[in-house]
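Number of protein chains: 6
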Amino acid sequence: MEQKQVETGFKKLSEIDGRAGEEVYERLQKISPFMADYLLGSFGEICSITDIDNKTREVAVIGACTALGYAIPQLKVHIHAGLNVGLTKEEILAIINTMSAYAGFPATLNALYAAEEVFKDEGI
Amino acid sequence: MEQKQVETGFKKLSEIDGRAGEEVYERLQKISPFMADYLLGSFGEICSITDIDNKTREVAVIGACTALGYAIPQLKVHIHAGLNVGLTKEEILAIINTMSAYAGFPATLNALYAAEEVFKDEGI
Amino acid sequence: MEQKQVETGFKKLSEIDGRAGEEVYERLQKISPFMADYLLGSFGEICSITDIDNKTREVAVIGACTALGYAIPQLKVHIHAGLNVGLTKEEILAIINTMSAYAGFPATLNALYAAEEVFKDEGI
Amino acid sequence: MEQKQVETGFKKLSEIDGRAGEEVYERLQKISPFMADYLLGSFGEICSITDIDNKTREVAVIGACTALGYAIPQLKVHIHAGLNVGLTKEEILAIINTMSAYAGFPATLNALYAAEEVFKDEGI
Amino acid sequence: MEQKQVETGFKKLSEIDGRAGEEVYERLQKISPFMADYLLGSFGEICSITDIDNKTREVAVIGACTALGYAIPQLKVHIHAGLNVGLTKEEILAIINTMSAYAGFPATLNALYAAEEVFKDEGI
Amino acid sequence: MEQKQVETGFKKLSEIDGRAGEEVYERLQKISPFMADYLLGSFGEICSITDIDNKTREVAVIGACTALGYAIPQLKVHIHAGLNVGLTKEEILAIINTMSAYAGFPATLNALYAAEEVFKDEGI
Chain C
1 MEQKQVETGF KKLSEIDGRA GEEVYERLQK ISPFMADYLL GSFGEICSIT
51 DIDNKTREVA VIGACTALGY AIPQLKVHIH AGLNVGLTKE EILAIINTMS
101 AYAGFPATLN ALYAAEEVFK DEGI
Chain S
1 MEQKQVETGF KKLSEIDGRA GEEVYERLQK ISPFMADYLL GSFGEICSIT
51 DIDNKTREVA VIGACTALGY AIPQLKVHIH AGLNVGLTKE EILAIINTMS
101 AYAGFPATLN ALYAAEEVFK DEGI
Chain U
1 MEQKQVETGF KKLSEIDGRA GEEVYERLQK ISPFMADYLL GSFGEICSIT
51 DIDNKTREVA VIGACTALGY AIPQLKVHIH AGLNVGLTKE EILAIINTMS
101 AYAGFPATLN ALYAAEEVFK DEGI
Chain L
1 MEQKQVETGF KKLSEIDGRA GEEVYERLQK ISPFMADYLL GSFGEICSIT
51 DIDNKTREVA VIGACTALGY AIPQLKVHIH AGLNVGLTKE EILAIINTMS
101 AYAGFPATLN ALYAAEEVFK DEGI
Chain F
1 MEQKQVETGF KKLSEIDGRA GEEVYERLQK ISPFMADYLL GSFGEICSIT
51 DIDNKTREVA VIGACTALGY AIPQLKVHIH AGLNVGLTKE EILAIINTMS
101 AYAGFPATLN ALYAAEEVFK DEGI
Chain H
1 MEQKQVETGF KKLSEIDGRA GEEVYERLQK ISPFMADYLL GSFGEICSIT
51 DIDNKTREVA VIGACTALGY AIPQLKVHIH AGLNVGLTKE EILAIINTMS
101 AYAGFPATLN ALYAAEEVFK DEGI
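Residue numbers (UniProt numbering), protein chains in the order written: chain C, 1 to 124; chain S, 1 to 124; chain U, 1 to 124; chain L, 1 to 124; chain F, 1 to 124; chain H, 1 to 124.
Read the hints as simulated data drawn from the structure, not as lab findings.
Hints are not guaranteed to be accurate.
Copies of the same chain look alike in the list, so a pair counts if it works inside one copy or between any two.
[Said to hold, decoys possible] With a cut-off of at most 25 Å between alpha-carbon atoms, the simulated SDA-like pairs for lysine to any residue come out as follows:
(1) K11 <-> Q29
(2) K55 <-> P33
(3) K120 <-> E7
(4) K120 <-> I31
(5) K4 <-> A36
(6) K89 <-> F34
(7) K120 <-> R27
(8) K76 <-> D121
(9) K4 <-> A114
(10) K89 <-> P33
(11) K89 <-> I124
(12) K120 <-> E90
(13) K30 <-> K89
(14) K89 <-> R27
(15) K89 <-> A36
(16) K120 <-> F34
(17) K55 <-> L83
Every value quoted in this text rests on a predicted model; they were computed, and no experiment measured them.
Could you build all of it, start to finish, from the sequences and the hints given here?
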């Protein structure tokens, strides 16, 4: 990735995912500097799609991370992100609950347990 | 499911998923009348969550059906539904493209191929 | 869900999943009362299918939760449930072991580790 | 695999999966003789677990192949197998429908469409 | 993505995936020009990791596309790519067969059927 | 499995997966002696495919266990195994990072966190 892309990605990451996103970046830098920068660059590119706003993007990502079942740490980052860009606790619960019809109750329940932790962490 | 729930679900299905949704119901009635009614009842219940609107719900569902990888027929129904409740072609492509970061390119590409078919079908 | 469906669901949940199921319900009520009731209602509906008995249903669910790979907390609940409705420890191990052919050894091994915990918990 | 294991596996395959299973074996022999024999040997080993009978095993496998979402060709073989070892059409539909709670409606619906084909094929 | 990244990606795509890769790019350009370019740019970045060679990368990708279960069109592209960078038919079958232990027989069998088509297509 | 297959499998397991593999076997023996022996026998059979060497096999398995998302304990065993048969830390990171394009960032990041633990454990 070009240095400029990494910087744009970091700015977007801070703006959308806040501290939770920055922690992912810092952790990755110690394991794989390539992935740290590549993730940022890709994130910046994805965020450059202006056909949907940050809120809409987080709705899709929270849905997808719930449905995948194994993406719990990333779901938590994106619940933080969702709150950060203006989704309410109620909207996030509604998105996760909707997934019960598409990915079943196990995926939904594990996502709700993750959401509970994030809400506690955010004091809401 | 209570008869009333099935009826509410059918009304919601027609309103949101349109003809594509009704065809699923009709097909299921021939294979498993239980599932046909249970699906409608569940759909009605999920749609009774008013914390998110139809558009937001379809954003999450299109994201999730893309990420699951194997839910192509259901993704098509929900791309129809998304258009039906006001999502644009560009917004739907943006949601699917975002998934490349969360579920990889194979899931995203197969979803784009499905979207292409639906857009052709809708003449857009 | 209608109040009657929730009540029927709770009775079924207590009967089949026992205390492990009730704990899921209680936990969900604190996170999302909608999901707590919706899960019960759906569970009651699924259990109203009388073409298979409780034992057969748990065989299928233990198989599926093993194969999904990420549904470990739910697998534990259903191993408790399986024992509760008359499956033996040996039958449950046989179901999980069969999954090695259909979902691979990682899914099977993680399920066996979960089963070990439940068996210890049940003192068998 | 030892020749004896392959032979035992083939006998079990014919007995349980019938013609649908034999066709898989014949097709594999042309692509990968190793896999053809390895599959038979493994199948024989799995079937040597006598803690569950053929019917119970097929219940678990039909549940799992439904939940996996992408295992449609194998699901068809095992619906044939299920019928072969004494499961009724109604029981098979009940197993698949149960999966809607554990793996969501997309996986369930695609499994029902597969079941419809097998039932037509079997003239039931 | 920067124009230079897209160009580097296209060169890498032609070199590794050959005509099968170029067809994916051309198809994507008609559905989503963003994704067409983003895929190329990402591919170029991934290929810039010089710690593994093209052959090793294709081994991992063929393994992963087999295990995912739903990535059959992409598996075909990468079987073409694998042959292109020097993997033999026997090596590709060995990679796919190994997956039976990690993702089960359904994923493996569907991958073998896909491999059969590619080998026929390549006249080997 | 024949006793001879189990013994061959154990020898292969010790040679390739080292102590991490042996621990899996010992743990399984306490939960399900059938699975302990069946796993060894299958492992021996898979390793009898001489078209690829141990290193190539581990490349595919590390890729697949990353892509599956839920196979973290098994991924750790195979990162140990990879190091054991001659893969470097850099090669393993490159394999995992490549998966971001095929299975998305959540699967990749969770695999990197697992790799970090194994590398720490190995003192590299």
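Evaluation of the provided hints:
no., hint, in the structure
1, K11 <-> Q29, "within (16 Å within a copy, 29 Å between copies)"
2, K55 <-> P33, "between (29 Å within a copy, 23 Å between copies)"
3, K120 <-> E7, "neither (31 Å within a copy, 30 Å between copies)"
4, K120 <-> I31, "between (29 Å within a copy, 11 Å between copies)"
5, K4 <-> A36, "both (14 Å within a copy, 21 Å between copies)"
6, K89 <-> F34, "between (34 Å within a copy, 14 Å between copies)"
7, K120 <-> R27, "both (23 Å within a copy, 14 Å between copies)"
8, K76 <-> D121, "within (10 Å within a copy, 27 Å between copies)"
9, K4 <-> A114, "neither (34 Å within a copy, 30 Å between copies)"
10, K89 <-> P33, "between (34 Å within a copy, 13 Å between copies)"
11, K89 <-> I124, "within (8 Å within a copy, 36 Å between copies)"
12, K120 <-> E90, "within (14 Å within a copy, 36 Å between copies)"
13, K30 <-> K89, "between (33 Å within a copy, 13 Å between copies)"
14, K89 <-> R27, "between (27 Å within a copy, 17 Å between copies)"
15, K89 <-> A36, "between (29 Å within a copy, 17 Å between copies)"
16, K120 <-> F34, "between (33 Å within a copy, 19 Å between copies)"
17, K55 <-> L83, "both (9 Å within a copy, 19 Å between copies)"
In this structure, the earlier hints numbered 3, 9 are contradicted, and the remaining ones agree with it.
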